Amino acid sequence: MNGYLAIVAARFRTLLQYRTAALAGLFTQLFFGFVRIAIFSAFYAASPSSQPMSLPEVVSYIWLGQATLLLVPWRIDEDVLQQIGDGSVVYELARPLDLYTVWFARSIAWRTAPVMLRMLPMFVIAMFVLPHDWALMPPSAAAFAAWLPCFAGAVLVSAALSSLMNVTLMWTLAGQGVPIIIGSLATVFGGLTIPLALFPAWSQPVLYAMPFAGMLDLPSRIFTGNLPPHDALYVIAHQLVWTLVLVAFGRWLLARGVRRIVVQGG
Amino acid sequence: MRDAFALYIRYIAIATRAQLQYRAAFVLKVIGYLIATGVEFLGLWALFARFGSLDGWKLPEAALIYGVADVGFGLSDGLGRGLDRFSGLLKAGQFDRMLLRPRSTVLQLLGFDFRLLTIGRLLQGTAVLVWASRFVAWSPASIALLAESFACTCCLFIGIAVLQATSAFWTIESLEVWSAFTHGGNYASQYPMDIYARWFRAFFTALLPLALTSYTPACAILGRAPLDAWHALAPLAGPLFLAASLFIWRIGVRRHASTGS
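As given, the protein sequences belong to chains Y and W, one line each in that order.
Numbering-wise, the first sequence is residues 139 to 404 according to the working numbering.
Numbering-wise, the second sequence is residues 230 to 490 according to the working numbering.
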């Protein structure tokens, strides 16, 4: 267990070094946030009928999405890609550590450090600097307290998906096709493109049954008060069930992948 | 000049052959990009399904604007990837090798990495356009304007990529700031520009003329504006922007002090 924790801690510290990148990313995410808010404001202005989310809720939802953008696994871990590409993944197999857990530990660090670097300044700017119509609404104490464990649950789902993306590389060696597909599904069905609640009503049961909803959409709705704080229990259950399923599937797939590895000596 | 063009075609031919070697991986990646960009449109569609219209725009009209912007960006995304990777080359000192060759540096960079798989984005943008075009009264003039808009939008985005690469002469590390202008610009120009605040539109007209290269011609194609000289000439802001970027690039090259060993 200590070995895995050491991996999380080491990766976390390494990733915290990229502060300039985080600052540059902050600018880009603010820009995207502005464009997104402008688009939703225009849609809401033309439609007086009531919607499942109010415009201020959508604005807050957008900022939460921009702040925790890197929680959504739309890129593959480059180190793992290289390891599988050049065969050095067999060194990983030779270690007295379980490969899946190593990848999961790396993913946990990867889904937290960059997010935290960007989230705090983004919250400050979106909550206190921006004018009222464009601002992230401060949550109620209860909503914030309920959001924290949901955020932790979102990290677990995201890490399980990231690990699964790593595993698929064992089949599509030269390509990242499957990870790109998983990443784009996670983007739209995680709620980054538009809030899931604004998709047609008939699609809601399907959207909320998928694992992606637990990464961004459900926690954000708790934060904005669109869902009452006690629904956090349901959100956390959703996240834990999906984490278990994804981990089990990833492990099974990895075991099959490892069985067919051929090491080319020389 | 003709020589340079022939060289560039050769670069692309080689890159194409190389990428088609891993056929299954290539097909998967194209499908991946098709889905990645397709879901963007899914979002647009869902919003129209819920709200009906956007500030007077109907879905087919918005789809045409989206398609025009996306095809132009898709072209530049395939052609200009080498510029995207410039900071890496600069750090490794590899740019010096390019300087030694008696050919344009920008041309070599463009040929350095040609991504065939952005065909995924192009397919998606084209599909949206084809669907939207059933609602448009086409004329030879508007078809010509559409082609002009593609080319000019592509020029503009390549111009941004040139500026991004140029900035690396000063910062060495290429900063993610630029993706606000490339991907962010593409995202913003997928929607009718008149929904944005005045300062935002001013930025996308005067400084980064995306409103001129894709939105203005799209309005004329949709019949929302007359197809007059202004609407026909506005997209030329794209090539002008590219020319200005290339000028700044030269300043950067003159300033270049190698980092390699």
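Any given hint could be a false lead.
Stated by the list, open to error - Some but not every residue of chain W turned toward chain Y, in silico, with C-beta under 10 Å:
id, residue
1, Ala-275
2, Ser-282
3, Ile-372
4, Ala-373
5, Ala-376
6, Glu-377
7, Phe-398
8, Val-406
9, Trp-407
None of these hints come from the bench; they were simulated from the model.
For clarity, every value in this text was computed on a predicted model and none was experimentally measured.
No residue lacks a Cβ here, since even glycine has one placed at the ideal position from N, Cα and C.
Notebook entry, point to check: Should the hint that Ala-373 (chain W) touches chain Y count as held when the rule is a Cβ pair under 10 Å?
Noted result: violated, 30 Å
Next item on the list: Have a go at the Glu-377 (chain W) hint: is there a Cβ in chain Y nearer than 10 Å to its own Cβ?
Entry: Check failed: Cβ of Glu-377 (chain W) comes no nearer than 25 Å to chain Y, outside 10 Å.
Checklist line | Interface hint outcome for Ala-376 (chain W) [beta carbon to chain Y under 10 Å] | finding: violated, 27 Å
Check: Does Phe-398 (chain W) meet its interface restraint, that is, does its C-beta lie within less than 10 Å of any C-beta in chain Y?
Finding: At about 17 Å, which exceeds the 10 Å cut-off, the nearest Cβ of chain Y leaves the hint on Phe-398 (chain W) violated.
Notebook entry, point to check: Hint check: is the beta carbon of Val-406 (chain W) less than 10 Å from a beta carbon of chain Y?
Noted result: At 5 Å from the nearest chain Y Cβ, Val-406 (chain W) passes the 10 Å test, so the hint holds.
Notebook entry, point to check: Quick one, is the Ala-275 (chain W) hint okay against chain Y at 10 Å, beta carbons?
Noted result: Holds, about 5 Å.
Notebook entry, point to check: Would the stated hint for Trp-407 (chain W) survive a check requiring a Cβ distance to chain Y of less than 10 Å?
Noted result: holds, 8 Å
Next item on the list: So, Ile-372 (chain W) near chain Y? Judge it on the closest CB pair being under 10 Å.
Entry: Interface hint status for Ile-372 (chain W): violated (29 Å vs cutoff 10 Å).
Checklist line | Interface restraint verdict for Ser-282 (chain W) against chain Y (beta-carbon cut-off 10 Å) | finding: holds, 6 Å
Going through the hint list in order, the structure does not satisfy hints 3, 4, 5, 6 and 7.
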